[in-house]
Amino acid sequence: MAEIDDILSSSLKRAATPADPSGVAERVRERVDAGDSGTPATGYGFGSSWFTAWLPWIGVVVVAALVGAAAGLTGLFGLASPAAASAPTLSIDHSVSGLACPAGARLVALDPGQRVLALQRTKDSAWLAVRDPYDLTMTVWVPSASVRVDHAADTAGLPIGGCPAPSVSVTPEPTVDPVAPDAPSAPSKKPSVPGQPAPAPDTTAPTVATPVVTVANCQTTITTTASDDVGVTSVTISWTDHNTGSGSMTFSGGTWKLVLTNPAAGMHDGNTVFKVIAHDAAGNSSAPKSASGSLQCLI
Amino acid sequence: MTGAVAEKVQVDLDSFVEHDYSRVVSAVGLITGDREGAADAVQDALVGLIAKPPAHPVQNLAAWITVVASNRLRDQYRSRAAEQRALARLVPVREAVEDAVSLLDTDVIAALNQLPVQQRQVCVLHYLLDQSVETIAEGLAVSEGTVKTQLHRARKALAARLRKEDHHG
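Going line by line, the protein sequences match chains D and Z.
1 is the number of the first residue of the first sequence in my numbering; add one for each residue after it.
1001 is the number of the first residue of the second sequence in my numbering; add one for each residue after it.
Watch out, some of these pointers could steer you wrong.
Claimed, not checked - Restraint ranges, calculated between C-beta atoms of paired labels, are given here:
#, chain 1, residue 1, chain 2, residue 2, range
1, D, T240, Z, H1152, 37 to 43 angstroms
2, Z, N1113, D, S294, 46 to 52 angstroms
3, Z, N1113, D, D20, 34 to 40 angstroms
4, D, V273, Z, R1163, 49 to 55 angstroms
5, D, Q219, Z, R1163, 30 to 36 angstroms
6, Z, H1019, D, S9, 47 to 53 angstroms
7, Z, D1130, D, E3, 15 to 21 angstroms
8, Z, P1116, D, R106, 26 to 32 angstroms
9, D, T240, Z, Q1114, 34 to 40 angstroms
10, D, S97, Z, S1015, 21 to 27 angstroms
11, D, D6, Z, D1012, 53 to 59 angstroms
12, D, G113, Z, K1148, 55 to 61 angstroms
13, Z, E1134, D, V273, 31 to 37 angstroms
To be verified - Only some residues are given here: those of chain D computed to face chain Z with a beta carbon under 7 angstroms:
#, residue
14, P21
15, S22
16, G23
Since the hints were made in silico from the structure, they are not lab data.
Heads up, the beta-carbon is just placed ideally off N, CA and C, and yes, glycines get one too.
Excised from the complex, chain Z in its bound form (with noise of 0.2 angstroms):
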């Protein structure tokens, strides 16, 4: 079957768990705040992938799975409340975060979440996976004046709420 998998893949699997997977999970992580579901959703995005592949070739496999797993985590949160409810119950998962990063990094992590998922997803691919807008554009099929929108949305919330922390910190 490794062979039929190799031939239905429109990626080469081990190089994407070699040079991608790690960032890619990390992605997850910071765009739904679920760190631990994480890595089940970028291997399920991955089996979905190989399984029953997209009629389209997927051009940037990175931002393709960053998007299908953090979707997937995103809609296991059936209404707002329940979505609070579970990012209640990660606060221990970020007070770990704290001891490991300033309390900028805290403070980033924290007005990331705020965002709306979208604009998580792109300032995620952009900052993190340090995707060109072009490139961003290019994986997920949308144009780049999308892309750029988005960002540029998700820069001016996440400043001004960096600032309203400043002020109050």
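Pulled out of the complex, with its shape left as it was, chain D reads as follows (with noise of 0.2 angstroms):
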């Protein structure tokens, strides 16, 4: 074998093509600025071929992992960087979706017995922030009951974290939002006054505009409206049929709009149908709404 490992070495020296990286930095600070967002650190990325390719793998992995904890061992688990290693591991302890959010979007289903690496947790510990065992380059939150964690202390020791709120219910825009700025508050705003009745609680479920489907090349565009009482705090997107996955839009402009950039985003060419809900933050959803289109990604 020490003889492959010459040919490899070597040859693969030879034959890599050394590229230019005048300018490079220059572009890629252009592209920033510009607002591209380039390949996404994260996302979509369920259909990874890495991690896909590597599930039946990473069950291994998990085994070996359990053997290792039983044996009283550590570092069968590949912690081998500083940060790794002071990760506190941790066992779903039952069937549980990782959220984008604490209390947000699904973004997987974990399974029990899957060992993962909590990152972060929320002030109240209630939700862990766990590495996406599907795809690494994600995070995805769980709540604390639903996992065993190998060393309580460690998870205290954990930064704080969570998702900031989304700026259109803080500051909803009149396009969204009818309630005007210097309006009075709606009830649910209200700070609570001592001797006066308390707020009624909201109860007003937000409305979503049926969303339009644009595709283009390999670039599947979903953009809707929503609207609210308070505020539209969030906007989830499912899809079905030929596809299947789900998400969170992004508000700008008006409009909240979700990009599926192929192959990031592993769509298949074929019919989705997308469907939208809009929340708000007193945890009222609108009727979903839904659309589809067909895709195509002619490569």
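Need the complex rebuilt from these two chains, each delivered in its own frame; the hints are there to steer you.
Following this line, the structure appears as structure tokens:
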């Protein structure tokens, strides 16, 4: 095998064609400044070639890690880096969804016995951010109650994190939220004043418009608008038929939008139904609205 | 914005471009067989890293960019048939390579292209970028055993294919 090592090392080095780095840093910065998001480091990477193909091996690693834990050994789980070494490991106790944010959109299903690394916690430690075992460039949130931490004390030292509240929920734009900025606050936003009746809870559900699906080349764009008497905090989206998945839309310029760019999105050609639901801070959700598009990505 | 970029990015972009960019592009080109698309894919991965950095710091930028960029190119081939058609279109590139490297090198690259993409990635990270098993595992947040297994399978398959080439040649 030593011979093959030498052959591979020398052949690959000879075959490698150097690339000119001139101006690359400047071009990268210009693209970032222009709002280009490039190949997402996080996103809808469920179809990642590396990890999808390695899923059976993840199972092997899980077994190895469990055996290591039973034997009182550490370091069997590939925690060589300083950051990884300090990250507490935990086991999924029962089937649970990994969410984009605490109580946010569902991103991935985690199965009992899966081993993951904890990276952050909410202030009350009710939620833990863990590395998505199917796409290690992503972080998902799971309820603390649904996991079994190897050493409980470890998670107390985790940095506190969470998802920032969407700006639209704090300062809703007029095009989305009919409440004028200087109008009296809606009931659920009023501060509690001693001696006065408690404000009525916000029970009004948001509304969401039927989404518009635009397909161009390998890029599928879904847009919609949403409104609420207090403010729309998020619009979640799921898709079915030829493709299956879910995510959250982002708000910009009065419109909620999601762009799925292949290959990062891992979508396949064919008709796909997109369903959107708007949510407000009080937990009310709109009736779903759906639209379909026939995805095409001819390469 | 340059200052903002410097704050957001978890690495020194200038240092990466100066020291690692060229060999990472080479690595992506070897993994995917798409030497022309490799530079674009690497730059896309860099833009993505800066624009939307992952929640967890990237420990091994060369490995991370190599895998993200090669996966991006790889995923562009929607089916094995489409990939074969794309590889066929790359024949002129391979012929050009043949002029510059030995026939053995060409056989090695051809054999490499027959491996599953994850084995190609581990091979190129290890043999071209000279990354140790430990460093690859650390950078990709997988166990060393996983990397060792993939490397062992790749070596075994490559050795078998090269022996076959030798017999036929």
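Do the hints match the structure? See the list:
Between D/T240 and Z/H1152 the Cβ separation comes to about 41 angstroms, which falls inside the hinted range of 37 to 43 angstroms. At about 33 angstroms, the CB distance of Z/N1113 to D/S294 disagrees with the hint of 46 to 52 angstroms. Checked against the given bound of 34 to 40 angstroms, the beta carbons of Z/N1113 and D/D20, roughly 24 angstroms apart, lie outside it. Between D/V273 and Z/R1163 the CB atoms are about 52 angstroms apart, so this pair conforms to the stated range of 49 to 55 angstroms.
Under the hint 30 to 36 angstroms, the C-beta atoms of D/Q219 and Z/R1163, about 45 angstroms apart, miss the expected range. Range check, Z/H1019 to D/S9: Cβ separation about 20 angstroms, and the 47 to 53 angstroms hint is violated. A hinted range of 15 to 21 angstroms for the beta carbons of Z/D1130 and D/E3 is consistent with their spacing of about 18 angstroms. The hinted window of 26 to 32 angstroms between Z/P1116 and D/R106 holds, with their beta carbons roughly 30 angstroms apart.
Checked against the hint of 34 to 40 angstroms, the pair D/T240 and Z/Q1114 passes, with Cβ atoms roughly 36 angstroms apart. For D/S97 and Z/S1015, the hinted distance range of 21 to 27 angstroms is not satisfied, since their beta carbons lie about 39 angstroms from each other. Distance hint check: the CB atoms of D/D6 and Z/D1012 are about 34 angstroms apart, inconsistent with the given range 53 to 59 angstroms. Separated by about 23 angstroms at the C-beta atoms, D/G113 and Z/K1148 break the suggested range of 55 to 61 angstroms.
Judged by the Cβ atoms, the range 31 to 37 angstroms given for Z/E1134 and D/V273 is violated: they are separated by roughly 46 angstroms. The interface hint given for D/P21 is met, as the beta carbon of that residue sits about 4 angstroms from the closest beta carbon of chain Z, less than 7 angstroms. Evaluation of the D/S22 hint against chain Z yields a violated restraint, the C-beta minimum of about 9 angstroms exceeding 7 angstroms. Hint status for D/G23 relative to chain Z: violated, with the closest Cβ pair at about 9 angstroms, above 7 angstroms.
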